[in-house]
Amino acid sequence: MARLTFERVSFWYPATERPALREVSLAVAPGEVVALVGKVGAGASTLLLVAADLAPRVVGGKIEGTVDFQGGGRGKGGRGIVLPSPWTQLSGMAFKVWDEVAFGPANLGWPRERIVRAVDRSLAALDIGALAARDPGTLSGGELQRVVIAGIVAMEPALVLLDEPTAELDLEGTTLVWRLVRGLAGDGCSVVMATSDPDALPEVADRVVWMEHGAVRRIGAPALLADESLCEAGLATTVADVWRMARLGAPYPLTVAQAERRWRQ
Amino acid sequence: MAAVNAALRFEHVSFSYGTVPALRDVSFALAPGERAALLGRNGAGKSTLLRLVTGLLHPAEGTVSVGDWDTRGRAPESLARRVGSVFQHADQQLFARSLRDDVAFGPRALGLAAAEVARRVDTALAALELSTHAADHPYDLPPAFRKLAALAGALALEPAVLLLDEPTAGLDRQLRARVARALAERAAAGVVVLVATHDLAFAAEVLERGLVLDRGRVARDAPLAALLTSSERLAPLGLAPPTGAALSAALDLPGRPVRERDVADTLARVAATRGRV
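Quick mapping for you: the protein sequence lines, in order, are chains U and R.
Here the first sequence stands for residues 1 to 265, where the numbers follow the numbering used here.
Here the second sequence stands for residues 266 to 542, where the numbers follow the numbering used here.
Simulated from the structure, these hints should not be mistaken for lab results.
The structure presented is a predicted model; accordingly, all values stated were derived computationally and were not measured.
Certain hints may be false.
Part of the chain U face toward chain R, derived, beta carbon under 10 Å [to be verified]:
(1) Lys-39
(2) Ala-94
(3) Phe-103
(4) Ala-106
(5) Glu-164
(6) Leu-169
According to the in silico footprint, chain U covers these stretches of chain R (three or more CB under 8 Å from chain U) [to be verified]:
(7) 302 to 308
(8) 361 to 369
(9) 382 to 392
(10) 498 to 507
(11) 516 to 526
(12) 530 to 540
Cβ coordinates follow ideal geometry from the N, Cα and C atoms, glycine included.
One chain only, chain R, in its complex shape (with noise of 0.2 Å):
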């Protein structure tokens, strides 16, 4: 069964904020390498959720696994252990002098010897295109570059599960591609990728599996190709399908692919069939 191997699992899961409920009986689990959208409407609970894997929060019912931890009794810095994150505004939370040494905050907390800090620093770096900044103070970069930094430190942790939120609100395409790129390349070394996001059209370059939530629930768990073409299905989610996806729809493109290469791709294979645009 999957979910004995699952390195992330949520089973039955709610949380109130007060007498406002966030999560309502949630149940999933992701297996190593699966690269998930977490997905609903603002206030859906999408960053709840988020936030009962790295333990800021407990679980008021049921129980959240980080491999064959249970997260209950376990403290934020212990979970680090496991578990990366970047959370909206990460771009704030930058407090070092210089890039490498708010990337290397996280690693010589978990106490790791100076030689695999420098390692796990260096190729976080790499990993973003980084590399030129690394001596330069977080403050004097633009709010996207410490946002990318935020994302280094939570790379250099090498946690088996890496949490971001809105990893590409107020990033252009160029960097959005770097993340795209760093997150594909950690989860083909077996990291589970979850991701919320109102980005689809960064889903779907990325992700594979969509967790649609509404108003606390799991309300979709599906293909995440599948679930952005049609747009019958998102509506009443408060989704739309990226624009890649509409225009395979608008064109009737066969096979309605959603990436944006891949609409290129048949765009072209069509119009070369058809001899004209």
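Just chain U, same shape as in the assembly (with noise of 0.2 Å):
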């Protein structure tokens, strides 16, 4: 059974005669990692509010459709959305970064070890052990998007939304929370996200999802990232866009690695 299904969604924010999402259908399996590409506007971060409850629930609007999500109940897997603008989700209640990372777990009702357990996993696996005592409001701005990552993943949902995860990361960071996306995967967890970056995708994502319009213009693996109308519409990843920009024929290399293997033929 699928963990999140929008069949034939349209969304309509507030006060707009153009819908931002039209007729939008996708199953997403649990474990699964889903990418959502496509050009500013397109609808990638109205889909992640929708498939969060945010919308229209809490910014207003009209849906048409049906979106279900199959979760494990209170405190055990629910959504968890992570916001491109890292600062607006911290909770303003924590003077510490550990207390700001347990306010979910502690607001799920959770006994304190239970707490401690999540908490602590959750800041080792962003590798953020050492801002534990930090106050957050000091924190850099890619600091500040790992701390709330954690804060999402520690209330151990099953179904994670990312919107631009990486924008204000470090390689490292970047790194780390792939790597993250895709252990949460192996635990069961789907992961529905938007991101301009995608090179990263071939090893992270097990679907792309073009969007353009508001609707679902494909759906494919990853490897649709090389395809000839994504290369057009600026989605492709480097590798293939420069492959086609010198003329050397489709189908396009995806990766550094593809693009060597093809080379030394």
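With the hints as a guide, bring the two chains together.
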């Protein structure tokens, strides 16, 4: 059974006439990592808000179609979203990073030992144990992004929604987040994410969803990111794009490793 | 000496947040028209360095100069006559009812005549291909467009120094190209461009000099093209070559091009001499 199902979902933000999502149908299996790609304004962020049950419930607007989420109930596999502006997600109730990450689990009413275990594991997964005693208000943008991700993961969700999760991260942070995503999937958690970094996807995503003007244009394996149509749309991987610019003929390699194999043949 | 004509200069600058040191003994100078990348790990001090230029922070030790102005004793609104900046999450900082009004805020605050404000706003919006959105409400546009609008606001100040913090985060390839073109244009007109970024591919396309911060110190100050080709030199600084450079190394391309266009051109040339791919 799918963890998350969209059936012909359309969504309008308040006081707008043009739908931000148009008849989107998508099913995400347990343990699957789905990446949303598209130009700015294509609807990826909106899809994540709807999947998180924030739109229309919190942001308002109008929805048609059906969204179904099969989690594990309170404290046992809900859904969590990491927004693109991490500082807007801080609780404002914690003076230490450890307490900030514990805020979500504590609100789920877990026993103390379980909270401690979940928080410590989450801090370790994002390699921010050293920040545990720092005031969240003194962190850099990238450090904050990791703290917010840790706070979501600590709640042991069944579905994690990530909007540009590596936008402010350095190389180490980016590597950790992608490893964490694969780790979550390995534990059966489903991940849906929007990213403008297609180069990372061949190793991270199981499927790629190409969105355009609020609708799903194509769904496929990450190899889709070397497709002519995605190159034209400016959404392909750098390697595919360079290969195409060099007029070396399709099919284009997707990654540096693929290009190298092709080149040495 | 170049430093005499520097548009932006740091001399032995240190800064701490309470007991947490953020910058230690930082010195460098940028000449008019220079395009530099500020690189380094999260928390290395990049954003702090930029805030010292805008006057939002002042150095605990050392001197920050913008042209012949010492930033000490100057408030941000005074420095805004020479420094334009776009910070992380700039998309959340718009407040006017239309993009045009938002971009006009800075020039108006400088006390410019209405005609001059209008000219600057038109030029800035055009530079980022936002003219068709001039009448739109900022919050009817995706965050990425608001980010471009914030950059247009900084361009409209026509500053001598332009500071950007992670300008490409959340931008797609086409919007990145717009930012790249606008920055190149400003630099050609003599503006200093200093960009804090993790997007090394973007840095390689637009910028020429790389200042790498490591735990608050300047660990490297070198031409970007040379810096970005060496994974051995980048790794200890928490950086890796952008995909274009990695491809050119993996394929052993002559001259190790870094920019994507250059990689493609070299690739095409070598493929032609080999007769096949």
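- [ ] Taking the numbered hints from earlier one at a time, note which ones the structure violates and give those numbers from smallest to largest.
- [x] Of the numbered hints, 2, 3, 4, 8, 9 do not hold.
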